[in-house]
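Can you build the whole structure from these sequences, using the hints too?
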Amino acid sequence: MSPHRIVIFTLLFSTFCISSYSQKIIAATFNLRYQNTTDSGNLWTQRAPQVAALIRFHGFDIFGTQEGMRTQLNDIKTSLPEYEFYGVGRDDGKEAGEHSAVFYRKDRFSVLKSGDFWLSETPDQPSKGWDAVCCNRICSWLYLTDKKTGKNFY
Numbered sequence: 108m109s110p111h112r113i114v115i116f117t118l119l120f121s122t123f124c125i126s127s128y129s130q131k132i133i134a135a136t137f138n139l140r141y142q143n144t145t146d147s148g149n150l151w152t153q154r155a156p157q158v159a160a161l162i163r164f165h166g167f168d169i170f171g172t173q174e175g176m177r178t179q180l181n182d183i184k185t186s187l188p189e190y191e192f193y194g195v196g197r198d199d200g201k202e203a204g205e206h207s208a209v210f211y212r213k214d215r216f217s218v219l220k221s222g223d224f225w226l227s228e229t230p231d232q233p234s235k236g237w238d239a240v241c242c243n244r245i246c247s248w249l250y251l252t253d254k255k256t257g258k259n260f261y
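First residue of the sequence shown? That's 108 in the working numbering, and the numbers climb one at a time after it.
Don't take every hint at face value.
To be verified - Derived CB-CB ranges, DEER-like:
(1) L161 with C242: 34 to 40 Å
(2) R163 with R140: 17 to 23 Å
(3) W237 with S186: 34 to 40 Å
(4) C242 with N149: 27 to 33 Å
Said to hold, decoys possible - Subject to a maximum C-alpha distance of 30 Å in a straight line, what follows is the list of computed DSSO-like cross-link-like pairs (lysine-lysine):
(5) K184 with K258
(6) K255 with K184
(7) K220 with K201
(8) K213 with K258
(9) K184 with K201
(10) K184 with K220
(11) K255 with K213
(12) K220 with K255
(13) K213 with K131
(14) K220 with K131
(15) K254 with K220
(16) K131 with K255
(17) K254 with K201
(18) K184 with K235
(19) K131 with K235
(20) K258 with K131
(21) K184 with K213
(22) K213 with K254
(23) K254 with K235
(24) K184 with K131
(25) K201 with K235
(26) K220 with K258
(27) K235 with K220
(28) K254 with K184
Because the hints were derived from the structure by calculation, they are not lab data. For clarity, every value in this text was computed on a predicted model and none was experimentally measured. Every residue gets a Cβ at the ideal spot worked out from N, C-alpha and C, and that includes glycine.
Right, here's the structure in full:
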């Protein structure tokens, strides 16, 4: 066998070995659009089943949400009991206002740490910052362990 073929075989074999040990995580982000009772033909009650079906179809392991009110997050959790979520309301750090929540498959991940910060000069309390005119902006985060691999990640 020529040296070139040996090198090519070694590279291909190495690539196969590396990829066979890799674990994939299917992650997504989803803007839920806040629950607006004056929406015409686009109410959350009409969208909620489609949102759950889309998430289930793609088999997301983790997904972040934007603009979700607590009731919307609870609806998703009820429709998709295999997920758990973390996030607080941007207006009070509890339940008031929209959330930037993170959903994760509870059979695959365990939460090691969680937290939130506001995108402002006072990140530890509900507040507006920089270019925000209408509302507080928040980031919720998780530090997870993957039960399949034992690896931790944010």
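Hints, one by one, checked against the model:
1. L161 with C242: 34 to 40 Å: 26 Å, violated
2. R163 with R140: 17 to 23 Å: 19 Å, holds
3. W237 with S186: 34 to 40 Å: 36 Å, holds
4. C242 with N149: 27 to 33 Å: 21 Å, violated
5. K184 with K258: 25 Å, holds
6. K255 with K184: 23 Å, holds
7. K220 with K201: Cα-Cα ~17 Å, so holds.
8. K213 with K258: 15 Å, holds
9. K184 with K201: At roughly 18 Å apart (the allowed maximum being 30 Å), K201 and K184 satisfy the hint.
10. K184 with K220: Within the cut-off at roughly 20 Å; holds.
11. K255 with K213: Given that 30 Å is the threshold and the Cα spacing comes to 12 Å, the pair holds.
12. K220 with K255: It holds: about 18 Å lies between the C-alpha atoms, which stays within 30 Å.
13. K213 with K131: Answer holds: K213 to K131 is near 16 Å, not above 30 Å.
14. K220 with K131: 22 Å, holds
15. K254 with K220: Holds, at roughly 15 Å.
16. K131 with K255: 10 Å, holds
17. K254 with K201: Roughly 29 Å separates the two Cα atoms, so the pair holds.
18. K184 with K235: Holds, at roughly 29 Å.
19. K131 with K235: Judged against 30 Å, a Cα distance of about 37 Å means the pair is violated.
20. K258 with K131: 12 Å, holds
21. K184 with K213: Holds, because 11 Å separates the two Cα atoms, which is no more than 30 Å.
22. K213 with K254: 10 Å, holds
23. K254 with K235: Not satisfied, since the Cα-Cα distance of roughly 37 Å exceeds 30 Å.
24. K184 with K131: 23 Å, holds
25. K201 with K235: Holds - the C-alpha atoms of K235 and K201 are around 16 Å apart, at most 30 Å.
26. K220 with K258: Answer holds: K220 to K258 is near 14 Å, not above 30 Å.
27. K235 with K220: Since the Cα atoms of K235 and K220 sit roughly 25 Å apart, the hinted pair holds (cutoff 30 Å).
28. K254 with K184: Holds, at about 21 Å.
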